[in-house]
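Enquirer: One-letter residues, chain by chain:
There are 2 protein chains.
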Amino acid sequence: MTYTLWYWPEIQGRGEFVRLALEAGGIDYVDAAREQGSDALLADLNARHGRTPFAPPYLETPEGLVIAHVAAILAYLGERHMLAPSELADRLWIEQLQLTIADCVTEAHNVHHPVGTGDYYEDQKPEAARAAQTFRDERMPKFLGHFDDAAAHDESGAFLMGPRWTYADCSLFQLVEGLRYAFPQRMAAIEGDYPALMALHRAVSDLAGVKAYLASDRRLAFNEMGIFRHYPELDGA
Amino acid sequence: MTYTLWYWPEIQGRGEFVRLALEAGGIDYVDAAREQGSDALLADLNARHGRTPFAPPYLETPEGLVIAHVAAILAYLGERHMLAPSELADRLWIEQLQLTIADCVTEAHNVHHPVGTGDYYEDQKPEAARAAQTFRDERMPKFLGHFDDAAAHDESGAFLMGPRWTYADCSLFQLVEGLRYAFPQRMAAIEGDYPALMALHRAVSDLAGVKAYLASDRRLAFNEMGIFRHYPELDGA
Numbered sequence: 001m002t003y004t005l006w007y008w009p010e011i012q013g014r015g016e017f018v019r020l021a022l023e024a025g026g027i028d029y030v031d032a033a034r035e036q037g038s039d040a041l042l043a044d045l046n047a048r049h050g051r052t053p054f055a056p057p058y059l060e061t062p063e064g065l066v067i068a069h070v071a072a073i074l075a076y077l078g079e080r081h082m083l084a085p086s087e088l089a090d091r092l093w094i095e096q097l098q099l100t101i102a103d104c105v106t107e108a109h110n111v112h113h114p115v116g117t118g119d120y121y122e123d124q125k126p127e128a129a130r131a132a133q134t135f136r137d138e139r140m141p142k143f144l145g146h147f148d149d150a151a152a153h154d155e156s157g158a159f160l161m162g163p164r165w166t167y168a169d170c171s172l173f174q175l176v177e178g179l180r181y182a183f184p185q186r187m188a189a190i191e192g193d194y195p196a197l198m199a200l201h202r203a204v205s206d207l208a209g210v211k212a213y214l215a216s217d218r219r220l221a222f223n224e225m226g227i228f229r230h231y232p233e234l235d236g237a
Numbered sequence: 001m002t003y004t005l006w007y008w009p010e011i012q013g014r015g016e017f018v019r020l021a022l023e024a025g026g027i028d029y030v031d032a033a034r035e036q037g038s039d040a041l042l043a044d045l046n047a048r049h050g051r052t053p054f055a056p057p058y059l060e061t062p063e064g065l066v067i068a069h070v071a072a073i074l075a076y077l078g079e080r081h082m083l084a085p086s087e088l089a090d091r092l093w094i095e096q097l098q099l100t101i102a103d104c105v106t107e108a109h110n111v112h113h114p115v116g117t118g119d120y121y122e123d124q125k126p127e128a129a130r131a132a133q134t135f136r137d138e139r140m141p142k143f144l145g146h147f148d149d150a151a152a153h154d155e156s157g158a159f160l161m162g163p164r165w166t167y168a169d170c171s172l173f174q175l176v177e178g179l180r181y182a183f184p185q186r187m188a189a190i191e192g193d194y195p196a197l198m199a200l201h202r203a204v205s206d207l208a209g210v211k212a213y214l215a216s217d218r219r220l221a222f223n224e225m226g227i228f229r230h231y232p233e234l235d236g237a
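Listed in order, the protein sequences are those of chains A and B. Per the UniProt record's numbering, the first sequence runs over residues 1 to 237. Per the UniProt record's numbering, the second sequence runs over residues 1 to 237.
FYI, nobody ran anything at the bench for these hints, they're computed from the structure. None of these values were measured; they are calculated from a predicted model. You may find that some hints are simply not true.
A pair counts as met if it fits within one copy or between any two copies, since identical chains are not told apart.
Claimed, not checked - Cut-off 20 angstroms, straight-line C-alpha distance, at most; resulting in silico cross-link-like pairs (EDC-like, lysine to aspartate or glutamate):
id: 1; residue 1: Lys142; residue 2: Asp44
id: 2; residue 1: Lys125; residue 2: Glu224
id: 3; residue 1: Lys142; residue 2: Asp193
id: 4; residue 1: Lys142; residue 2: Asp235
id: 5; residue 1: Lys125; residue 2: Asp235
id: 6; residue 1: Lys142; residue 2: Glu224
id: 7; residue 1: Lys142; residue 2: Glu191
id: 8; residue 1: Lys211; residue 2: Glu107
id: 9; residue 1: Lys211; residue 2: Asp119
id: 10; residue 1: Lys125; residue 2: Asp193
id: 11; residue 1: Lys142; residue 2: Asp119
id: 12; residue 1: Lys211; residue 2: Asp28
id: 13; residue 1: Lys125; residue 2: Asp206
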């Protein structure tokens, strides 16, 4: 009953949203490329035919089902391991929030790679500076405000669904972590505007599975190969 | 038993992926902002509290459930109206393809708005030219090749699931339409490399519901306010 996660072994990236849910839920998994390296990930991806993942991360279930896309992986895990509510309206709301988180992650990546996904950041610095300003000024408040409203909605506890955490809570924790790493000045200036989201972040960091994971060597550090990158010239209050 | 779709009334945009599935499936819906205007859409969005959509499109079901995000809306309609297979592995595959389509749509939008989502295209033309080249040279072949493999997988018919269409087939039709509109030279140069995808596109255009919709005044024309925009300077073989 062990899952196999395939993702780049040097970065948190999009894979981290899956790792966090697995760790918080105490679900057995192998982080395959961390054991076998990037070449093994590429070899695995290239050996698949037919229903091939478009890109990592992808998760192989104990039964051999392969699922790509963070939102799809988490929806599956949510249903199977009760990491999300089962009632339709609640479950759909968590799925929508996860898709909005995915959009925010894509925009955070676009900040340092606005014009050439295949080029280095160093080759698109002026463009990145402009993209960063839009992201800091317009997009961060819009996304964070939305998630703060969602976190404030159920007053019976700090999580989106009140007293019980879901996979989307773990993802919001990671989003806040990533934004704090990439934009420390900007986050210091505005995060006080989002008290419910910050309380949610603290509550997730207190979950036993998350706490143990963050203290382990399984948790990679943020770095400038991932999605959330700290380039001081792209930050600002 | 009527759905209410809320989306910008002047453009195809992301809403078109929902419209097409509803039309192909012969499902009753009201395209609310086309009847009442953009101000009514904004008023509706602002009047919602609690579980508010992050952005249009969003769909209100006959029971009053509100769902945002194209992939979530289509997954819901797929299950309820049999616009997708019910077997788990098949259903998950269709959901993953839809999420990959969503990523391609986001990248197509990024081409003309790489550094400032709130700014005009005219204020980011050099950046857009560079983003367009990456998209044409690297990303279009990667996405189209992936979808062609998916279309070729089941040889018992032109659709992703062989003889029976799904909502993701409708979305692939729309993606090809959009790319042809935005990048006619590039598509003319490469679309012959993707025969299964092009056969799928033709098969969708022959569906009775789609054919009737495309011939009606409900189908808006592509224009330079939507996601797929034809700026000749961003195209090239």
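Enquirer: Are the hints correct? Go through all of them and say.
Expert: How the hints compare with the structure:
1. Lys142 <-> Asp44: Between. Shortest inter-copy distance 18 angstroms satisfies the 20 angstroms Cα cut-off; intra-copy 39 angstroms does not.
2. Lys125 <-> Glu224: within (14 angstroms within a copy, 28 angstroms between copies)
3. Lys142 <-> Asp193: Only inside one copy: Lys142 and Asp193 sit 12 angstroms apart there, 41 angstroms across copies, limit 20 angstroms.
4. Lys142 <-> Asp235: Answer is within; shortest intra-copy Cα gap is 17 angstroms, inter-copy 32 angstroms.
5. Lys125 <-> Asp235: within (13 angstroms within a copy, 24 angstroms between copies)
6. Lys142 <-> Glu224: neither (25 angstroms within a copy, 25 angstroms between copies)
7. Lys142 <-> Glu191: within (12 angstroms within a copy, 38 angstroms between copies)
8. Lys211 <-> Glu107: This pair counts as neither: shortest intra-copy Cα distance 28 angstroms, inter-copy 36 angstroms.
9. Lys211 <-> Asp119: Neither: 36 angstroms inside a copy, 42 angstroms across copies.
10. Lys125 <-> Asp193: neither (30 angstroms within a copy, 35 angstroms between copies)
11. Lys142 <-> Asp119: between (28 angstroms within a copy, 16 angstroms between copies)
12. Lys211 <-> Asp28: Result: close within a single copy only, 17 angstroms intra versus 49 angstroms inter.
13. Lys125 <-> Asp206: neither (38 angstroms within a copy, 47 angstroms between copies)
In summary, the structure is inconsistent with hints 6, 8, 9, 10, 13 from the numbered list given earlier, while agreeing with the others.
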